[in-house]
Structures are given as structure tokens and as C-alpha cells.
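Knowing the structure of chain F, use the given hints to seat chain G on it.
These are the residues of each chain, in order.
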Amino acid sequence: MTFLKSILGSTALAAGLVIAGLGAATARDLTVVSWGGNYQDAQRKIYFKPFAEKTGKPVLDESWDGGVGVVQAKVKAGTPNWDAVQVEADELAIGCADGLYEKLDWGKLGGKDKFLPSAVSDCGVGAIVWSTLLSYDSEKLKTAPTSWKDFWDTKTFPGKRALRRGPKYALEFALMADGVAPKDVYKTLREKGGVDRAFKKLDEIKPDIVWWESGAQPLQLLKSGQVVMTSAYNGRISGINKTEGTKFKTVWPGSIYAVDSWVILKGSPNKDQAMDFIAFASLPENQSKLPQDIAYGLPSKAAAAAVPADLAVDLPTAPQNLENAIAIDVDYWNDNIEDLTKRFNAWVGK
Amino acid sequence: MSARLKALLLVLPLIVFLGLFFLWPLWMMIATAVQGGTVRLAFPQTATAIASWDGAGPPPASLQAALVRDLRTDTPQERFGDAVRTLNSQQAGFRTLLPRTARAVREAGEADAFDLVALDPRWSEQGYWLALKRSMPAYTDANLLAAVDLKRNDEARIEPVEPDFAVNRAIMLRTFVIAGQVTLLCGAIGLPFAMLAASVTGWKRNALLIAVLLPLWTSLLVRTAAWLILLQDTGLINQTLRALGLIETPLSLIYNRTGVLIAMTHVLLPLMVLPIYASLIAIPRNLMPAAAALGAAPLQAFRYVLLPLAMPGLLSGSLLVFMVALGYYITPALTGGAGDQMISSVIAFYATGTANWGMAGALGLFLLVPTTVLYILYGRLSRTPLVQT
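Chains as they are written, first to last, in the working numbering: chain F, 1 to 350; chain G, 1 to 389.
Quick caveat, the hints were computed from the structure, so don't treat them as lab data.
Be aware that a few hints might be false.
Using 25 Å as the maximum straight-line C-alpha spacing, the simulated DSS-like pairs for lysine-lysine come out as follows [claimed, not checked]:
| hint | chain 1 | residue 1 | chain 2 | residue 2 |
| --- | --- | --- | --- | --- |
| 1 | F | K149 | F | K187 |
| 2 | F | K168 | F | K206 |
| 3 | G | K151 | F | K192 |
| 4 | F | K350 | G | K151 |
| 5 | F | K108 | F | K271 |
| 6 | F | K350 | F | K49 |
One-sided excerpt, in silico: chain F residues whose CB lies under 8 Å from chain G [said to hold, decoys possible]:
| hint | residue |
| --- | --- |
| 7 | V70 |
| 8 | Q72 |
| 9 | N334 |
| 10 | D339 |
By construction, the Cβ of each residue, glycine as well, lies at the ideal position given by its N, Cα and C atoms.
Next up, chain F with everything else stripped away, as it sits in the complex (with noise of 0.2 Å):
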């Protein structure tokens, strides 16, 4: 009988713990989470800490590299320990049809007019445009490249070259190399022999690839010489060229953009103050500071406008740029990226 009392002693002790710690997680502050790097700590500077003063509640901030099953986890465990996140267009569109977000509270951001139409969603609002592009180092190259032929011609550009591992971007990029125009790329792609196309134009420089995985090190490659052109993110090569005097350059023409947006999990203890950090961080006047810190591109129309055009000019929105510059397919990658992928290892082992 004793025996028996333990075991539900201990049971109810167990019990007691996980409802314990049910509560803590209640009581827990606003969690924001994003990108890390240089880029959160700009946000930290004119989100999160005005946001924190302004509300007199303390604001965590994490960081994450990104994956629908990492949100995926975090919603189904119950009660989420991130509130307010930021995520890339694949997982807004994904999370948003699995129902793993809140609605958003569009009448607190000041109405969807007041945000570029690729920002707008029921799950999410942008948080910034980014871009994927070609870079160089123009210290170490002479010639400039000025396409993603260049960067497959490597009787002109001897050396190694860098691309995101994966299929996301380097089938793009190796369509454009291959003479698609940027706008029929993934017309191309959907087309009957488009993947194979894109595939037999990356056996060309297949051997010449070094293939990166997380977005520091195209920076580390060019810098060391180790490549001479590669992909990389805008908002990494201006920074870099910021804190640290090197001459990087980007070649706007073939680039892709994307808009990143904040979201809120569905069941988050804090969602209405994960609303109101979303609005806090949307309003013209905080997110118009960005571009000085980095250069993203910025969805709030109003806060785009108020960028000096010093700094305009750098980001992946301003027109100049855009021109020959595409969308990334969100539709088409979450289709097949599954399938791409198993395909883009099966030949990059070959």
C-alpha cells in the first residue's frame, strides 16, 4: 500500500512540476526572435529597447537560423516560449495555410495601403527586403562582373566561385546565366526540361563551386580569396564593408529579392504585446532608422520614403536596383523543394 501511495506521491510531485512549469511559462516576458547577427543588433538598438523603455516591460531577444519545422515544434508543444518572430516568406506562406500563427491585428499597423502589396498578409507584416546577389571583391578583381554569366565564365574570371547549398538561388541564378531573362525564370523552371536546364548549366562550373551554408561565410570567402565571386545577402556586404574597410561589390541586375515579416505563434501567452512590439517596430519613424545600421530595403512606405538618399541607394528597393531584379517564387519552393532538393544532392554527389 505504501508502495502504491509513492508511486501516486510521486505522480501527483511530477504533475505538480509540469503545471508549475506551465505557469512560469505564463508569466514569461515578450519574446522576440530574428536573424542574429549585425542585423539584430540594429533592431535591438531601435526596436527592442525603445519598445522595452516605452512599455516598461523587459524584452527578450533570441535568435534563430530559420525552418518551418523549428515554429512547427514550438506551436505544437502547446504554449509556444517565442512570441513575436521573424520569419522568411516560405515559412510565412506555410505557417500561415497550417494555421502555426495568429491573425494579425491589421487595424493597429495603420491598414494594409500603408505597406509595399509583397509585405501584406493575414499572418504577418514585412519586417524588411533583403536580396540575394552576385559579389566580388573589387580590390582583388580587375574586370568587373556585371552578370551571372560572368560569374560562369571562368576563362575571364579564373578561381573559385561560391553559391548557397542547395537548389533555392542557384537554379535561378543558373537559368539567368544561361540567357532566361530574369523575369521568365520561373516560367522557365515550371516548363517541361527547365530544372534540367538549370542543372546541366551548374555541371559547367560544377568542380569551380564552393558551396556555403550559413550567410557569414560568403563574406569569410571573398575576404580570403579563397573564391573570387559569390552569392551573398546585400545587408551582410554593406555591412562588412562598413565595419571592416573592405571594398565588396554587388551586381544588382539577376538579383532576388525576398521580404521577411514578423509574425506572432499561434497560442503565445503575450500576443497582444507581441501585437503592439509588431506595430512599435512598423511604425515610419522607428523603421526608417534601419537603413542606417543596414541595408535593407524597408515595407513601410512611409519609412521607405524618409530614407536619405545617401543610403537609398544601397538598398534592394530602391528602383534602380530593381530593375532586372526578381521575386523569389514563394509558391514554387514550397511546391518542390522537397523534390529539388533530393535532386540537387543526388547530383552534387555524382
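Just chain G now, with coordinates in the frame of chain F:
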């Protein structure tokens, strides 16, 4: 109360702990790999209607109408999402097709004759309907088959996937090859190192052991980053070799298999050295002089006395290194080329990237089986008495 019960009570927390944090997740992983049913849950009427369709001809109107009715019902969003994920893994395209269709169907209102094909021509493709039919059973072998590059064709027979998409077996094999190579390298470096450490005393031994242990205490990322600096084309090693005039073009030491092997061997070396050292230190110090006194040359004494006695340590160390190496993916991701990625990176892709936990579970299972076999082997070997012939 009997002593047995008391003893049981003492280990009860341990059992609960093991069950909760070890067996339960394992079971969940296996279960997710074979669980179907998400599609049936989200589309119950379609499930009934599709059962009577043989899959040969075009889908009958009644089946299409059933799907429309299912899409019109207010399925919980997460359940709908689970179904979409399962289906898209079977047939790329469902990810956009289903939400789009659901939206259109709801906007169209109650008129039962909704033309799916007019909305999206993909609904006229047999493949989508067959994938729907295949995904209905409560249990599925689709993930397990896909993990070894197999699939069921339209006649539900098992066949290999197209060569362009066959990748898991190759990566699994590569994982074992890399783990094997790393184990051999660790053994080749670890055995002499452990012998040296066991033969000296005092500060020398401490220095040698600290040299092994120090990397174990350093963050994995820091160690890997250090190798980047050393091994790259303009790195320390290549610059030194060039300055000495030994090479003209830099050696490719990183972003290929060489880089992976160097970095992983460095990281895992302690796991090899420590077991060997432990078995060597237990060998009576007078055995080697005794062998020499009986006329054994140094090599003979090593071959017939030292090596057999060190063997349990060497084997334990090898298995330990091998098993840990199987699960690596950050180090190969940073120091290897795209052709050097190991199976864990694929598992991570499914687990965190596309939230396809079924595939992640199936691949994990195929990694778990050999690891378990090795673990049992390890248990046996580490219990084997020291002296054997």
C-alpha cells in the same frame, strides 16, 4: 514491504526518466515515420469515395464532389496543414494546390458542381489523385521506402525512384564511409599517442593528456572555424608550404573530403585516446621487459603482448568514435563540399526545414538500427576480460 519493492522504488525515477526522455521520443520517432491517417482525418468523405476508385481511369465525378465537400467543411487548420505536408511529400504541387482550391471552393458557395479542373489544370493529372489515394491508409510505408530511395508506383508496386532523385542510400553509404575513415585515422593517431602518454610519467603525461582533453572543452564551432583559417587556400598551411617552395599552387585542403576528415578526426580523437590509455595504464609495467628478456624484438613484443592487451580499449574507442561520427553534420557542413554532407544534414533538412517529421523519423530509424547494433557490440566488447589469446 519487500526489499525488492523498495529497490524498485529507488530506481523508479530512473525508469521514469528513461521512459520519458529516451524510449518515448524513440517510439514517437518510429511512430511518426509510419503513421499515415493525416489525410484521412482531413478528408474523410474523399477517403470513402476514393476507396471505390481503382485508380486506372480518370477520377469519377462523385470523388471530385466528395473532395469539394471535404474542402468546404471547416477542418481545423493544423489538421489541414498536416495533410497538405504529407501529400506534397508524395506529389510536389499539393502545397499550393490544396490551399488554393480550398479558398476557391469556400468562396464559390454551396453549389455542389464545382469544377476543380477549371480552377487548376493540375486536378486533371492522374498523379495528384493517385497520391491522394495512396495517402489514405492509417499506416504508410511511404517514408520508410523513400528513406532507401524506393517508392510505390501507380500500380502500388515497390520500385526504385528515378536516378535523379535517388540520394539517401548514397548519402547513408557516404556517412558510413566517412565515419569509418575517421575511425581509422583516429586509431592510427590515437594508439601511438596513448602509448606515449601511458609510457611517460609526471608533467609529461599531464601535458599529453591535456593536449587531448583541451579540444574536448572547446566549442565545436570554434574548433571548426580554426580549421578554416588553417586549411584554406591562403591559410597558414598553404602559405608555409609555398614559402618553403614545396608547392606552387595551393593544396585543396578544405571544402572537400580532406577538410572533413581532418576536422572530424581532430574533434573525435579524445574518444579514441582515452579508452586506449585506460587499457594501457592497466597493463603491468613489467610485461614488456619480460617479453624482451624472453627474446622478443620490440616489434614482436608490441604485436604479441601490448597490442592484444590494448585491443579492448582500441575496439571500444573505435566503436565510440564511429558511432559519434555517424551523427555529425555541422563539421561536414562547414569544412566539406556539397558532396561530403552526411545523413544527419538530410534529417535536419526534413525536421527543421520542411517540417516533414515522417521522413526525418524514417531516416533516423535507418541510422538508429546500425547504431544500436554497434552499441550492443560495444557493450559486449567493453565487458570482455582483458586477457585473451
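We went through each hint and held it up to the structure:
1. Using a Cα cut-off of 25 Å, the hinted pair K149(F) and K187(F) holds, with the two alpha carbons roughly 19 Å apart.
2. The hinted pair formed by K168(F) and K206(F) meets the criterion: a straight-line CA distance of about 16 Å does not exceed 25 Å.
3. For the suggested pair K151(G) and K192(F), the alpha carbons sit about 22 Å apart, so the restraint of at most 25 Å is met.
4. Between K350(F) and K151(G) the CA atoms are separated by roughly 21 Å; this keeps the pair inside 25 Å, and the hint holds.
5. Restraint check for K108(F) and K271(F): satisfied, since their Cα atoms lie roughly 13 Å apart, inside the 25 Å limit.
6. A hinted pair counts as satisfied when its Cα atoms are at most 25 Å apart, and K350(F) with K49(F) does not qualify at roughly 50 Å.
7. With a least beta-carbon distance of about 5 Å to chain G, the hint placing V70(F) at the interface is held under the 8 Å criterion.
8. Interface restraint check: Q72(F) against chain G, minimum CB-CB distance 5 Å, threshold 8 Å, status holds.
9. Among the interface hints, the one on N334(F) holds; its C-beta lies about 5 Å from the nearest C-beta in chain G, closer than the 8 Å criterion.
10. A cut of 8 Å between beta carbons decides the hint on D339(F): the least distance to chain G is about 5 Å, and the hint holds.
When the structure is compared with the earlier hints, a violation turns up for hint 6 alone.
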